[in-house]
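*Asks:* The lines below spell out each chain.
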Amino acid sequence: MQKTEQVQYNRAGQRVVSPDYLLFEAPREKQFMTGSEVVKEAVKRASVDASVSYPITPQSEAAHLIGELWVEGYVGVYFRGESEFGVMSEIAGCAMAGARSITTTSGPGTLRAMENFPMWAGSRLPIQLVLMARGVNSPLTIQPDNLEVSFLLDTGCMIWHAETAQELFDMILAGFVVAEQPDVHVPLITVIDGFFISHTREAVMLPPDDIALPPYNPYKSPMVPLDMEMAPGRFLRDPYVMKSNYISYAAHTSWQFEVRAAIERSRPYAKHYLRGLIEEFGDPEGEIVFVASGTAAAQAKEATQMLIHEEGVKARVVRIKTIRPFPAQELIEALRGAKYVFVPEFNVIGWLEREIRRVLYGNLDVPVIGSPRVAGGMTMPPEFIVKEVLQYLGKEVKHVV
Amino acid sequence: MSFKIFKINEDLKEFMPPEIVDLEEKATWGNPKRGVMDLPYSKELIEEHSLCAGCPESAAFRYILASLPNPEDTIIVNSTGCTSLVFPHIALHTVHSLFGNQNAIASGIKRTLEWRFPDKVKDVIVLAGDGATVDIGLDMTLQSFFRQEKITTICFDNEVYANTGGQESGMTVKGHVFKMAPKGKQWDKVPMWQLAIDSGCHYVVRMTVSSPKKVEKVIKQAIYVAREVGPTYIHLYTPCILEIGLNSDDGLEEMRRTDKERFKFFEYMTDEAKEVIQRKKEEGLI
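Heads up: the sequence lines are chains Y and V, in that order. Residue 272 in the working numbering sits at position 272 of the first sequence, with consecutive numbering throughout. Residue 511 in the working numbering sits at position 110 of the second sequence, with consecutive numbering throughout.
If you are wondering where the hints come from, they were derived from the structure by calculation, not from laboratory data. One thing to keep in mind: the hints can contain errors.
[Said to hold, decoys possible] With a cut-off of at most 30 Å between alpha-carbon atoms, the simulated DSSO-like pairs for lysine-lysine come out as follows: (1) Lys220(Y) - Lys665(V); (2) Lys580(V) - Lys675(V); (3) Lys408(V) - Lys521(V); (4) Lys665(V) - Lys434(V); (5) Lys434(V) - Lys586(V); (6) Lys220(Y) - Lys434(V); (7) Lys220(Y) - Lys408(V); (8) Lys521(V) - Lys220(Y).
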């Protein structure tokens, strides 16, 4: 029998292509865009069914732009909710009813919405939350700071951290594909550092906008979509909480393990679509190693160049792309031969440093220095990072910061 | 839906529990005229329940589920409290997510189902207690009314946080002594039915569940109006006999008593709602 090729279109009239084609093969054109604008461009190509919005700086513009896509017919459901708690519940309702769903938030909004995130994970909703990190009150701040990520680490959601607007674009598209795998099917929080990425224009390469991801099929979900098109599942008819006995407690325990196991099962998919869970940069022989994510990694790369070319110090960067699942094995391998590990971060507590220490403990004996660390809107110039390293090594500091 | 979702594979039928087989064979599906008069003859959509013996809320649940005009395409959203103990026993798609967010969840579900199934009627109904509806979830309850979400919200008002052991709620009557109000409640019962009117509901009723046929009529009217016009709100008195010191067989008398005072039947409808109700009456559906 002769093979026939069938062209399919989504409800916005875009040609449906495979995720691999969209991410790796489609021709791309150069654009000059902010992070907020690339959110729109990614959502436009993602066959998104629903989005709910709420204003908070710095994510508001991305949320406005998704609204424009709704007007243009690229998004099925869109409205402004009453608060982040309401919004995260409304988008959960959309996902429960079988929608590919995306929303955005920042800083205090993340904390306002907090109770929803473990509920998303426990309900196995593959919602994508684009988190444009900013400071957490009090005192009042709207400036870049990613402290809020530490609160999200154990919610049962996957967490990816993009370094650039380009990576944010690719992560949003890859994110739906990975999160919706039937053996994964948990929420994804796609983090960028607010303002640095959301409000800064940079060159991005975009595929054409008349092609899009295959639409979400809710009937592949491990949980029954709430649309009365399938028989009510056992989980609905007989939830564990209603029986106070050992079996119910054991079942609840295993459900929580299962959510974490689902995040672990995302590894091969994420590895494929993100081209690895970590990125290595700089001198492969580098003894000074920066382990960082997001904008801190971008700054560490600049500092690495300065250390190599201006100071004669062998340095490199191991950039973490996925915080959950955490690339423990990859990190241990990448840090073999390292003399010092520096962890530059945009928050006061150093959540990434904690993660790294936890992973290295008993596996690799290398000093981990949680520095430099800035917060509350402070920037982290590469000269500042270089100075920290040189001071630590007892070398002369020539650069003026 | 396709009615097939409650059809059991013939080869497996002998292994299925009888209550599941009954759902296929004896429940009323595809008949908008179904109602409380079917209760003695048909399989109910609620399988037993885990509430206290004689709890008026359990009666309310049975009447409501018997009155749904479109159970085969009805999604029920609930919240935390005594009501959340009942949902596992309902043979429809139900969801409990958090305490107080029921109208937000329902908004997302309703809008998505309208987008996914433009040619089908899918009713979304919120069933929650007074703590969920009026205290912790008031923001989301009223905001869903402001946004004119096409959902029916039903509040089971027992005037107390019963499931957690009898604490004062916003719906408690002034002066009543409960836990957390050891000197008696210091302020008035929240006039939720009035807030629903002011917030844009098109059909609002306050009543007890002492009269099953009256409950059926109100439920059907509320669902038909929500489908076509906008939000509807039903406020039911379902006393907590345990917390007010009554016996199992006292619930009905308590409701009949309050029928004459603070839960005197009250009904409000907009002109658009009136038109829908009139039309459904002419069609013989109410």
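*Asks:* Is the straight-line distance between the alpha-carbon of Lys580(V) and that of Lys675(V) 30 Å or less?
*Replies:* 42 Å, violated
*Asks:* Does Lys665(V) sit within 30 Å of Lys220(Y), going by the straight-line distance between their CA atoms?
*Replies:* The given pair, whose Cα atoms are some 49 Å apart, is violated under the 30 Å limit.
*Asks:* With the threshold set at 30 Å, check whether the alpha-carbon distance from Lys665(V) to Lys434(V) stays at or below it.
*Replies:* 27 Å, holds
*Asks:* Does Lys434(V) sit within 30 Å of Lys220(Y), going by the straight-line distance between their CA atoms?
*Replies:* Violated, at roughly 35 Å.
*Asks:* Please work out if Lys220(Y) and Lys408(V) have their alpha carbons no farther apart than 30 Å.
*Replies:* Holds: Lys220(Y) and Lys408(V) sit about 21 Å apart, inside 30 Å.
*Asks:* Within 30 Å, alpha carbon to alpha carbon, are Lys408(V) and Lys521(V)?
*Replies:* Between Lys408(V) and Lys521(V) the Cα gap is close to 21 Å, so the pair holds against 30 Å.
*Asks:* Taking only the CA atoms, is the gap from Lys434(V) to Lys586(V) under or equal to 30 Å?
*Replies:* 43 Å, violated
*Asks:* Verify the proposed pairing of Lys521(V) with Lys220(Y), using a straight-line Cα cut of 30 Å.
*Replies:* 22 Å, holds
Figure legend: structure checked against the earlier numbered hints; hints not met, in rising order: 1, 2, 5 and 6.
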